[in-house]
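Using the sequences and the accompanying hints, generate a full structural model.
Each position in the sequence shown, counted from 1, maps to that position plus 1090 in my numbering.
Mixed in with the good hints, there may be bad ones.
[What the hints assert, rightly or not] Dumping the calculated DMTMM-like pairs for lysine to aspartate or glutamate here, alpha-carbon to alpha-carbon at most 25 Å:
| hint | residue 1 | residue 2 |
| --- | --- | --- |
| 1 | K1289 | E1192 |
| 2 | K1101 | D1228 |
| 3 | K1225 | D1167 |
| 4 | K1165 | D1238 |
| 5 | K1289 | E1194 |
| 6 | K1224 | E1100 |
| 7 | K1288 | D1246 |
| 8 | K1289 | E1273 |
| 9 | K1165 | D1252 |
| 10 | K1165 | D1246 |
| 11 | K1165 | E1144 |
| 12 | K1165 | E1194 |
For the record, the hints were derived by calculation from the structure and aren't laboratory data.
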Amino acid sequence: MELRPNRIKEKLANSEVAIIVSGITHPDDIDAIGPVGFDGVWLEGEHGASDPAELGNLTRACDIWGMTSVARINKNDQAMIYRTLDRGAQAIVVPHVNTRAEAENVVQGGKFAPIGQRGLFTSRQGYGVDNYLKKANDETALIVLIEDIAAYENLDQILSVDHIDSFFVAPSDFAASMGHIGEIGHRDVQAKINGAIKKIVNAGRTAGTLATIENVGHFVDLGVKLFMVPSAPWIAAGAAQFKRNAGITG
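See the structure below:
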């Protein structure tokens, strides 16, 4: 058996845009969106319901549709990083990476030797795969969240860390760290977000961010290649359109 390819990692390596959908919490829902053509599913383990006990079925559902399982964890902890990978996730998202040392810690937990020090275990992705421990690094994606003004100030050093697939600028926490909680659209916040993205792109690294239908074109123009898109606004927009077409108001 061959190691399953990581669709997002492949697209980013080819400088193509990759899209991850969030707000999906059950394997049946992953099956339902499978035909839509998303590149990955964001499994929310920091603020949402995804936990290690559920990851096996969630990642299996992603595998069926060839979508990358992207798991956000709630702490930059090496053991948590590789346990999540052992449960079948193909990509890890680590929050609040604010220094070079913190970025290096992500790599140490997410990659097997000789790159890192991930605990030696053949994860679910490795069952039946010859030499999994030697092949896994090539199909494991690491994403770090740039979501604090401290990360912005240390960004040059963070960007110098190898083996990170995307530096993902997260707007809400970024705004809060600047003293503008709930004000993502504040001009100072937008200036820093755009500035961070430009710095990532100019360094030859891959920028990511959360986007909507309205602003995705702007971020594409800035050079962003990885997008997380929440499913709830699309559901709400579809429901509102259906009600209008049915003549329902309110």
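Evaluated hints:
no. : hint           : in the structure
1   : K1289 to E1192 : 19 Å, holds
2   : K1101 to D1228 : 13 Å, holds
3   : K1225 to D1167 : 23 Å, holds
4   : K1165 to D1238 : 15 Å, holds
5   : K1289 to E1194 : 19 Å, holds
6   : K1224 to E1100 : 18 Å, holds
7   : K1288 to D1246 : 12 Å, holds
8   : K1289 to E1273 : 22 Å, holds
9   : K1165 to D1252 : 20 Å, holds
10  : K1165 to D1246 : 22 Å, holds
11  : K1165 to E1144 : 18 Å, holds
12  : K1165 to E1194 : 14 Å, holds
The structure fails none of the hints (numbered hints given earlier).
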